[in-house]
Every structure is written in C-alpha cells, then in structure tokens.
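Peer 1: One letter stands for each residue in the lines below.
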Amino acid sequence: MTTAIALSAKPRNLSGPVGVAVLLATAFGLVPLVGSDYLFEAILTPFLALALAGLGLNLLTGYAGLLSLGSAAFMAVGAYAAFNLSLRVPGLPLPVSILGAGLVAAAAGLVAGLPALRLRGFYLAVSTLAAQFFVAWALNRIGWLSNDSPSGVINAPRLVVAGLSFEDARGRYLFSLTVVALLTVAAWRLVRSPTGRNLVAIRDQEIAARIVGVKVARTKLLAFALSSFVVGIAGVLWAFAYLRTVEPAGFNLDRSFQILFIVIIGGLGTLRGAFLGAGFIVVLPLALSRLGAVLPGDGFDSGTLEMVQRIVLGALIVAVLIREPAGLAALLDRAGRRLRLPA
Amino acid sequence: MPRKTPIRALLAGAALLALGVSASADEQYFPLQSYRVGPYAAGGTGFFGGFIDYLNLVNSRDGGVNGVKLTWSEGETQYEVERGVEVYERLKSRPGIAAWNPLSVGIAYAMIDRITADKVPLITINHGRTDSTDGRVFPYVFPLLLNPYSETSGIVEYLATREGGLDKLKGKTIAVLYHGSPYGKETIPIYELLAKRYGFKIEQIEVPHPGNEQQSQWLTIRRLRPDYVVLRGWGVMNPVALKTAQKTGFPADRIVGNVWSNSEEDVIPAGEAAKGYVAVTTQASGAQYPVIQEIIGSVYDKGAGNLADRKRIGSVYHNLGVLNGILNVEAVRIAQARFGHRTLTGDEVRWGFEHLRLDEARVAALGAKGLFHSINVTCANHEGEGRVTFQQWDGAKWTVVSDWIKPDWASLRPIIEASAATYAKERGLTPRDCAAEEQADARAGQRASAEAK
Amino acid sequence: MNPDLAFLVEVIVGGLLSGVMYTLVAIGFVLIYKTSGVLNFAQGAMVLFAALTFVSLVERGLPFPAAVAATLAVMVVVGLAVERAVLRPLVNQPPITLFMATLGVAYVIEGAAQLAWGTQVHGLDLGIDDTPLEFGGVLVSLFDLFAATVAGLMVALLTLFFRYTRTGLAFRAVADDPLAALNVGLRLPRIWSAVWIAAGIVALVAGLLWGARLGVQFSLSLVVLKALPVLVLGGFDSIAGAIVAGLIVGAAEKLAEVYLGPFVGGGIEGWIAYVAALALLLIRPSGLFGQRSVERA
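Residue numbers (my numbering), protein chains in the order written: chain A, 108 to 450; chain B, 4 to 456; chain C, 110 to 406.
By construction, these hints were calculated from the structure, which means they are not laboratory data. Note that the Cβ used here is the ideal one computed from N, Cα and C, for glycine as well. Careful, some of the hints might be misleading.
To be verified - What follows is a list of derived Cβ distance ranges for each label pair: (1) Thr-274(C) / Asp-311(A): 34 to 44 Å; (2) Thr-119(B) / Ala-293(A): 32 to 42 Å; (3) Ser-272(A) / Asp-256(B): 56 to 66 Å; (4) Glu-274(A) / Lys-305(B): 41 to 51 Å; (5) Asp-311(A) / Ile-418(B): 40 to 50 Å.
Claimed, not checked - Now the stretches of chain C that chain B is said to cover, found in silico as 3 or more residues with beta-carbon under 8 Å: (6) 199-212; (7) 230-243; (8) 363-377.
The shape of chain A in the complex, shown without the other chains (with noise of 0.2 Å):
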C-alpha cells in the first residue's frame, strides 16, 4: 500500500529528474523484488489500470474542461478492440493490437463527443450516457465482438510481448506500469504543448481562447479524441492484465463514476491527480474492510460492516471535497510547502 502511494506521486515530481528517477526504480526495480502476489493482483494492478483511465479523463475533464460520464464505455471499447484486433490478425504483437484498441477508442470519442460542440456542463455529461448505454448494448447485441461467445465474454488472450511472457502477478505489474509509465510521459508532453495549452485555453475562457485563434471544435473534438485513446488503453490493461476476462456488465455506469471520483478526488487538472485519486479509490476500500475485520467482535455481522463502510466511503468523499475541493494534489502541494518552509 505504500507502494501504491509513494507511485502515485511519480509524476508531481516530474520538475525533479531525481525524485521521477527514483520512483521509476523503486516501480520498476524494488516493488517486484519485496511484493506479494496479492499486492500486485488486487491492488497495483488495478490501481495502475484505474489510474491510467483517470489520467485518460483528465485530459477532457480537467484540463479542457469538458464533462463526461461514460469513461467506462470508452474502457470497454478498448479491451473489446484488442481482443478482437489479437483474435482476428494472427500474429500481431501485443502492443500493436494495444495500440490499435486505443485508436478506436479514440474514434469512439471522437462521435460521442460531438454534442459537446453545442452543449456543454451537465448537459453534455448527461449526454454522454447516450454513449455509455449505447456501447453496453451493442456489445451486448453483436455476437461477432465478443467472437460468438454463448455467454458473451470474452477471455483475454495471454500477455507475451517478443517472446517475453508477463503472466505472472509480478509480469502483469510490470507490463501495467510499463504502459503506464509511457502514456503519462506522453500525457505529460502534451499538456506543456499548444495543444494542451489550447485544452485549457477553451476550458478557461472560451470565447477569449477563440479570438487568439485557437479552432475551439477541433480542439473539443481532439480531447475527446485523446483522452478515449488513453482511456481505452486502461480498458484493455484492466481486462488484459487485470481481470483477464471481460463482460460488458463491467463497464457499467458505476465505473464511469468511479474514474469521474478518481479525477475530481485527485485532483482535476493535474496528472498526478490521477494517481492519487486512484489510490484513494482503489485503496480505500480495502482499508476499510480491513480495519472492519479487525475492529468489532462476533455482534456485527459481515453485511452491518459493509454498509457502514459505504457510509464511511460517502462520509469520506465529502469530508475530501469539503476540506480540498482541488483535491488529493492541491493537499499534498500544501502539506510540501509546509514542509519546506522550516527548511
């Protein structure tokens, strides 16, 4: 668990070539070495896929300024995308079927975020449930993408890359982090380029960002576009590396809320956000069950305590946004400066 928080904080130190360096090796290099199978199979791994999504939203949510509400959709096109790209393209290296799932994903995004050149704030959000049920239900409804499955799920094919198998918990980390670690670099260029700039220029001042020239329906469009494509890519890591199977239940709308959390709680408008948000929502939970494991005796039955954990989750949620409503980022920023200041 620690793990999970001191990576979440990868990408705030990006001004330090240090601090990314150090991160990166204890990511890459400690974790594997001290971590349990359960760390990695119920806790990073999904934090890394959760988190890869949040980054995904960020991008239209927080820095364009844009809301949506079906993420989860976007997730499922991906993981659909790639298993039907590594299913029907024999011998195409994983990370190009990978790639490819996210274009589509990306082309998914472009359409549904059409009405977000007329409409925007709740409106808009509400619309993009229309893409939400709409991908549910044809997955549902088109046999030939889930490859005529009976029951409609599909399975993962296996995680090799060159030769190289990550099939492991520990494989499964690394290749998770490893795709990680590239979008957020990427996402990361993006942001200090015109084209981020222009993201928040239209989410900033709309009209003003474009009477200095900036094509405000091209950039809309080309968040939807980006973010779906990075969105996409943590669908096939949580159907792929995650849960290595996928119905499209999975995708429902609770999980489009879920990375909505991740982004708000983290923090929009930052990348680092993303992974506290993640952390937040990915680990929070499991503390909780713990801690309720732990706390009372026999008088309480399993069910009591999940309801009080979902009133604590709620409480807890609340308490964040009324405390830091910037979220998880702009908190750790304080608590930095604070330390700094003595120093």
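Starting from the structure of chain A, add chains B and C where the hints point.
Peer 2: Frame of chain A; chains B and C shown alone:
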C-alpha cells in the same frame, strides 16, 4: 498430525505443487465471496446463510467431516467482479481450501484462469459457464446440478407436460422475455433449436437492464398472444415483469420463470400479480425436510443461525445454500474416503467432486429427500445430471407442482462439447483423457488396498 | 377500432403514462438544480430511502397516514442535514465538485437506508388495483392513471407554490440570479433548506409510486437513469420542461422499442431516450423551453 498413508506419499508431490502446505490442524477451509450489501444482497444473505448454516450443522452434529473441522470466512464482494477477485487474492493462500463458491457469474469467469492455475475447484451451482460442464477442458470448474442449457431444456419439457406431451407443443407459441445481458442471451440458440425440433413458435424479447420499465415488451407480448411466457429475468426485472403482465392482462400461471427468477425476492414485490406464477428450481423450498429441521434444531435454536430473520429459513436461496453445503461437504467426504481423513488439497477435493454421486437413497440418508433429487458428477460431466422441479407461488409460499423432470442432456452435450473445444483451441489446451484417468485411479486404488492388507 | 391502430394507441398511451413516472423523478432534480445549480445524484438514493422507510414502518404496524407523516418527517431531516452538512460548506465550488459530493451523499444514504431497514425486498401495496381497463380495445392500467393523477397534482401544486407564494418568488429570484437575490436580502441557506425538503417530499411520492411498481429494493435508486434524458430534453431548470419532455421521452422510447426494436434486435430502450433527446437538441438548438442560449451552461 494427519495419518500417513501410502496414497498420501504417492500424492505428496502433486499436493505440494497444488497448495504448498496443508493445514496444521485437521481443518478444511471454505473461503466465501459473499455479498450482503448492494442490489443483490437478498440473494447473497440467503445463499451464504444457508451454506454457513449447513457447515455449522456438520461441525456441531458430527464434529466435522470424519473429524476434520470445517472452517470458513467471508469477504464481501457486493457482487462486483473486482471485489471478488480481491477477495480471491486475499484468501487464496489460506491453508486447506476446499473449494470456491462465488454464486456470481462475473466473479466465476474472472476466477477460471486463477483457480485452474492454483488447482482448486470452483463451484458454480445452477449457473456459470455452460461449456464448463465439459470437465475434460475445465478440470476445476463445476456448474453443479444445472447449466443454462439444461435449464432451458427442462423448462420446455415441463411445458410439454402441461400440454400433455412433447408432440403437443407443435403449433404453440412461446415468448421468452430475457434480461439484456450475456446471461440473458445465453439460451437464445437453445430455444431456437428446441422450437425447431418440437415445432413450436418462439419469440425472444429483450428487456434492457435493469428492467424497471417493460410496458413496450408486454404490449408486444399482448399482440403476439403466446401460450406461455418464459421469464429469463434478473433482479428487479422479475417483479416488474409480473406486474406489467397483470397490467396487460396476461395470466400469471402461464408465465414460467427460470432459475434466477424463482425466489421469494422475485415475487414478493409483485404482490398479488405474482399469484399463480411458476418457476423452475433444482431444490424445493420449505422447511419440512429433515436436514432443514436439524439446522433449526441444532443451529438456530442454539442462537448460531446465520439468517437474521428466521422466517427466511427454507426460502429458495436459503435452501440453495444448504444444498450447496451438502454437495461441498459430500465431495470432501468422498475425497476423504480416497485420500484419508485429513485436510485435503484443492486437487483432492476436485477428485471428490468428480466422484460426487448421490443417488436417491443417499440423498434420503442425508435428510434431503424431496429437497433435491440426485447428482452424478463424473470427470467428463461436471454438471451431474441434476433434475429440476417446478414451484408455484400462491401469494405466501412456493408449492411444488411437478415431478422431478429430466432435461434432455444427450442432445445438448454436442453443443457444449463444441463450445468447450473452441475454448480449448483459443487457449491452446489439450483436453484431459477421462477414461485413462479413471483407469489410473482404479489401479492406484487397487494398489492402495493391496498395500493396506 | 382497427387492431393495429388500437395497438398503436395503446403503445402511445402506455408511453405517455410511463413518461409521467419519469417526470416525477425528474422534478426532484429540477427543484434543486433550479435554486442551487447542483445536479443532485443523490435523488435516487433519496427515493429508495423514502420508500424503504415507509414500507418498513408499515410492516411494523404503523397505519398508512402515520407512516406517510413519519417518513415525511424523516425526509425533512435528511434534506436539512444534506443542506447543512454538505452543500453549505461547498458553496461557490464548481458544479462538478457539488455533483461529486451528491454522489458521496448517495453512498451515505444508501448505506444508511440498508443499515436501518435491512436488505430485504418488500412489496408495496397502495391499495390501487392494477387490473387493466379497456377503452374501445385499448388497455389502460388503473394504477398508471392513478400515478399520473398524483404526479399531475404534485406538479400543479409546485407550480402554484412557485407562482403565488413569497417563498416561491424567492426561489425564482435565487434561480435567476443568486447574487442579486443575496443583495436584496434573501437568505440563501433558508431557501436551500426549503428546496431540499421539497426534493425530499418529491422523493417520497416518487418512491411510493415507483415502489408500488418495482417493489421496494435497492434497484429503486436506478430510476434516476430514466429521468436523466428527460432532464436533458426539458432543461435542468424547468418544471414545465420536465413534464413535456417526460411525455415525449416516454412515448418515443415505447414507439422505438416496439416498432424500431425488432429491426435491430430489441432492447434499445436503455439508450434510445438519450439519443432522441440529443437529436432533438441538435436539430432544435433552442431546446424545448429555451429562451436560453444555445450552448447550455
């Protein structure tokens, strides 16, 4: 310490590979991925409550199975796949795991690879992956008693008895109202197949998830005027279907529910509209069976019952949980007869499940006569030829209205085998040779008994 | 009547009546959005909580009116608590933060509801027989007519309230311009409290009517998904819009499912309402009740 037997020595290598170390004391452990909160909590509390009640009964009445105590612990999943996986990863290293029983299709699917690698059985009673019936391809997965295909066949056989024979189905119209999910769609080809074979007309209508609004589907049914409606529902879709049927004037006694539309939770919310509704089941409900009475006497009366509400004893999910307990415990008992009265490895319990043969006499001896019919699991057939019966809701309780009906397994088997073969090919697996395994088993058994002499 | 025509009428009537049920849920959203700019996702949890509280009280032997009164009291407390504990500290935060906070509130309410009353499913009988009535070959459900009447009454009451009472006037002032309202001395927190209480009452009515249809269980909170397309189409801040849009969405989705569904394999109700709402917005950019600008903010 467990008794040393030659067989144990023989299997030590496999056992070590399978699980590392066996439990210190003689205990057999059941990790439970239960769900007591969330949308499906009512089913979860009933099923896991019944399962735990039965394990409790075996411990308190018999002191465990041949002296091996049964233990368990719960991890809450809320019916969510990733939580189920987390619980699996958390509990899988506990010693002496007998089997996993998630009662969730999604969680079961995510576990297939994992339990196969870890060599522990995965029990998906009444549900799960149809083609896992083929134990040659899925050695560790057991869709006990009923898979979706046999359920379909069982329902059609039952409708035939209501019409007076399979030949009387000719020219009839049956509408299937199914949940808009992979689960709901799974039986579409089987209904088509049976419709062709028996000459009835089939119309399959999808209800989008969650199914809280079915006006248009039932208007379509009203126009179609079918002889029967089969409800392949899930959660809130069931009571809404019954309510909407009443609203559109379709009689409830011509609606037949499948195995996920057969519980009290599915009919009580529909109130009056559910009176007369019939549903399939593998285990009759009610508390009159000796085993349930024993649970009341030696578990609930001692304050150790798992259900918060005693009124739910004998409900559909509770009895399914008890039945699931019986099957698990008997598999352990059968495996113990072969491997010794000690903590078994997952792989040994797998062997027990593959020899889980409970005929009617044995079922009666277990105090479950009338609760369920019989089971006959083999290496190749992991379903075990479970029979189904049909219950009618009278507004307060379910009453059995049919005999134990045999689904037409023989004609379903080729479809299942073909699907399993596709899976094997996709994953690059070689199916087991069941005949060879049984021969090897028999030889090992002979040798063991010879050495014992 | 020609049977095909009768069937068409039946589909449309059924759709319109379903639409009224959607409106019922949508109004809860509108009330809060109108005055505080929050898309209150906890509305579904409130519907569940209200219905579950009511049903549990009735099952414990409370007579119907007493149970209604007690539930009402509980909903008032819930509304006040949410306003005080969550919204007030978050005032002036961006809408998306508020939206997320209501999701957190939904968790708390769902957890509390099940903790207090258990996870069992309950039937809810309002004493209205649901046998179909026949008008010239067209079936109409008595219960649906009753529900539509109740919904209609509630909308009428709310409209009167907004139009003719001081508090109602204050509501509208806040909705139009919170800062100006504050300037002329309106007390925002009091108005917000009032509006959350009103949303709680709407949740109770919706909970009772939907609960009688679905049974009272966890899935009751999913009815919000039916209300969202209504909101997009009608506008988040217009009660009249919610009514008209509810009717349109209800009829459109039934017609689509019955007549269009068979060509694409059915089950399209889940998303067709959203697509229809979007299409209408894109074709007619001013929206249904739009004096507002094209790009709704």
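Peer 1: Starting from the hint 56 to 66 Å, judge whether the C-beta atoms of Ser-272(A) and Asp-256(B) obey it.
Peer 2: Between Ser-272(A) and Asp-256(B), where Cβ atoms are some 57 Å apart, the hint holds.
Peer 1: State, for the Cβ atoms of Thr-274(C) and Asp-311(A), whether the hinted interval 34 to 44 Å holds or is violated.
Peer 2: 40 Å, holds
Peer 1: Quick one: see if chain B covers the region 363-377 of chain C, three-plus residues with Cβ-Cβ under 8 Å.
Peer 2: holds (count 8)
Peer 1: Would you say the region 230-243 of chain C counts as covered by chain B, given the rule of at least 3 residues with C-beta under 8 Å?
Peer 2: This one holds; 8 residues, not fewer than the three required, reach chain B with a Cβ under 8 Å.
Peer 1: Verify the coverage statement for the region 199-212 of chain C against chain B, using a C-beta to C-beta distance below 8 Å and requiring 3 or more qualifying residues.
Peer 2: violated (count 0)
Peer 1: Given a hinted range of 40 to 50 Å, is it respected by the beta-carbon distance of Asp-311(A) and Ile-418(B)?
Peer 2: Because 60 Å falls outside the window, the suggested range is violated.
Peer 1: Go ahead and decide if the range 32 to 42 Å is satisfied by the Cβ distance of Thr-119(B) to Ala-293(A).
Peer 2: 36 Å, holds
Peer 1: Using the C-beta atoms of Glu-274(A) and Lys-305(B), is the stated range 41 to 51 Å upheld?
Peer 2: Holds, since Glu-274(A) and Lys-305(B) (Cβ atoms, about 48 Å apart) stay within the stated range.
Consistency with the previously given hints fails for numbers 5 and 6, ordered from lowest to highest.
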